[in-house]
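Going down the list, the protein sequences come from chains A and B. Take the first sequence: its letters are residues 1 to 160, numbered as in my numbering. Take the second sequence: its letters are residues 1001 to 1413, numbered as in my numbering.
Hints are not guaranteed to be accurate.
One-sided excerpt, in silico: chain B residues whose CB lies under 7 Å from chain A [stated by the list, open to error]:
hint : residue
1    : 1057
2    : 1062
3    : 1191
4    : 1193
5    : 1195
6    : 1196
7    : 1272
8    : 1273
9    : 1279
10   : 1346
11   : 1354
12   : 1357
13   : 1360
14   : 1391
Just so you know, these hints were derived from the structure itself, not from any lab. From a predicted model like this one, the values you see are computed outputs, not experimental measurements. Ideal Cβ positions, reconstructed from N, Cα and C, are used throughout, including at glycine.
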Amino acid sequence: MSGIIDAEARAQIEELLARYAHVIDNDKIEDWPLFFIEDGQYLVTTRENLAKGRPVGIMYCDGRGMMQDRVTALRQAIVFEPHVYRHIVGSTLISAAADGSYSAESNFHILRTGADGAVVTYGCGRYLDEIVWHRDELRFRRRTVVLDSSRIDTLLVIPL
Amino acid sequence: MAGGRNSQRAWPDDGVTRVPYFVYEDAELYQEEQERIFRGPAWNYLGLEIEIPEPGDYITNHVGDTPVIVVRAEDGAIKAVVNRCAHKGSMICYQPSGHVAALTCPYHNWIYDFDGKLKSVAFRHGVRGQGGMPADFELAEHSLVPLKVATIRGMIFGSFAATVMPLDEFLGTRLVAHVERTLNRPYRILGRCSQTMRCNWKLYAENSRDTYHPSLLHSFATMFKLNRLSAEGGIEMDEAGLHHLVSARRHTDNSSADYDSAALRANEVGYALADPRLIEDWVEWDDGITNSIMTLFPCLNLQQSLNTVAVRQMVPRGPFESELFWTFLGFTEDDERKTRIRLRQSNLFGPAGFISLEDGAIGEFVQKAIRGEREQTAIIEMGGREVGPSPKTRTTETSVRGFWRTYRRFMNL
């Protein structure tokens, strides 16, 4: 069941999506898991895998602990050339479910600037989100990042 | 470019312990590889039978630079032909996969059967008696270029060379046995993706055969004793030395002094997983092997790491770029819990894999650093100067030397 949502809820959901992009793009990656509920799910997959019902994507976090492990590995273990993203998130389709959660779908375009100065389109696609109230703030219960392309440029370290 | 095979492009005297950097850059050499390796007497991976279950189902792939169609014929047999119309050279199948009644070129409607034989040509006899092909035009003279096809446990291989040895001889008894052991039940595809690497395909071929880099480059694995070199394991090879199998049993790891010394960067990273379910696993094969990687010449890896089963196919994209295709497999008998465990473990591999993602960058690090270098060579002496099995240790580059010995034989270089 879905219904039209009010302007206040829409504003808060859009705020959540905007803050998420800012945290990742501005190197505050430690805050990334906080956008999810404790057992929230984060999956980066491809349009093809989604269409064919294939569960394995490119990155999968089953709960905030796995997101924290991603952050720790990124900061302390993984060898990669430094780079930053810039998310351009399009307008969001939102519907409300009977259980008080929201479904949201937004297009994204992610640009990547590398250490050598090259600016490239790293990926584009859509976010499929399930958003719930956690006390008085909104969090992701599930965020599925669906890349249009199945091809990743070199590697994926920083979450999308 | 000045010089030829016998001058600037001569191999150094030290055999397989030295690799001249020009082999990763030279455009002529790249063209020769297409001829001597990819269109030569080797078996190249084409895909999985489960991708084309029904007659008329097809997938496309590349053998080196050459585009190919792999299709299931009416009698269930698998056929492979070059994806290039005999008329004007257009691609015939322009989608990654699909279902067709025949192979029809979109350009001028030349129609081929699944063996690649030309069956009809539009307007062959003209329109109302005018135009048409010459009277002596023979359909039989214009077939698609076929590949020989062979399969093992649902993996499809193709070869352009009529003289290629049978697939099981090419792989050798040890590797055949391990493919059969790994894909020992009906399986399904859990996910697919690829990653571009800005490096020559041979840098990745070396990387995937280099059994001593993981503990040094991939800190994550070492931290959690996933695949430490001190675990029981070794390297086997086929009789002819074309392919390698590295395997280990995880639970035999008793700490060794070197490993715990602070000298290893990997060990300086002192953290524990916040959620150890990431590496939750079960011993799935009777032999107790928890990590095994088969590197099949020229461009295929079949890996089982814990409960992750993955096919990795490297496709060269010119001298300076390549694309690695990952296909993650599960077994059809899997229940939800097993699928969930495989899904969590998939974080270890692929373009975002904790113990594989650096491989996407390290080839580029080399490629950037050797730019234009025509004199210097890489050194490949860890574990000695020979090519051979290494039953007791993985701290060796024997598989890398084995790759170069095979490469030089194919290339006559």
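Consistency of the hints with the structure:
Annotation: interface hint on residue 1057 of chain B violated; nearest CB of chain A at approximately 14 Å, more than 7 Å. With a cut of 7 Å, the hint placing residue 1062 of chain B at the interface with chain A is violated, because the nearest CB-to-CB distance is about 14 Å. With a least beta-carbon distance of about 3 Å to chain A, the hint placing residue 1191 of chain B at the interface is held under the 7 Å criterion. Taken as an interface hint, residue 1193 of chain B checks out: its beta carbon lies about 5 Å from the nearest beta carbon of chain A, inside 7 Å.
Interface hint status for residue 1195 of chain B: upheld, as the beta-carbon distance to the closest one in chain A is roughly 5 Å, under 7 Å. Of the supplied interface hints, the one on residue 1196 of chain B holds, with its beta-carbon coming within about 5 Å of a beta-carbon of chain A, less than 7 Å. This hint is violated: residue 1272 of chain B has a C-beta 9 Å from the nearest C-beta of chain A, more than the 7 Å allowed. A hinted interface residue such as residue 1273 of chain B counts as satisfied when its beta carbon comes closer than 7 Å to some beta carbon of chain A; here the least separation is about 5 Å, so the hint holds.
Interface restraint check: residue 1279 of chain B against chain A, minimum CB-CB distance 10 Å, threshold 7 Å, status violated. Restraint check, residue 1346 of chain B versus chain A: the minimum CB separation of about 5 Å is within 7 Å; hint holds. Checking residue 1354 of chain B against chain A: minimum C-beta separation of about 6 Å stays under 7 Å; hint holds. Annotation: residue 1357 of chain B was flagged as interfacial toward chain A, and the flag holds, the nearest CB pair being 4 Å apart, inside 7 Å.
Among the interface hints, the one on residue 1360 of chain B holds; its C-beta lies about 4 Å from the nearest C-beta in chain A, closer than the 7 Å criterion. With a least beta-carbon distance of about 30 Å to chain A, the hint placing residue 1391 of chain B at the interface is violated under the 7 Å criterion.
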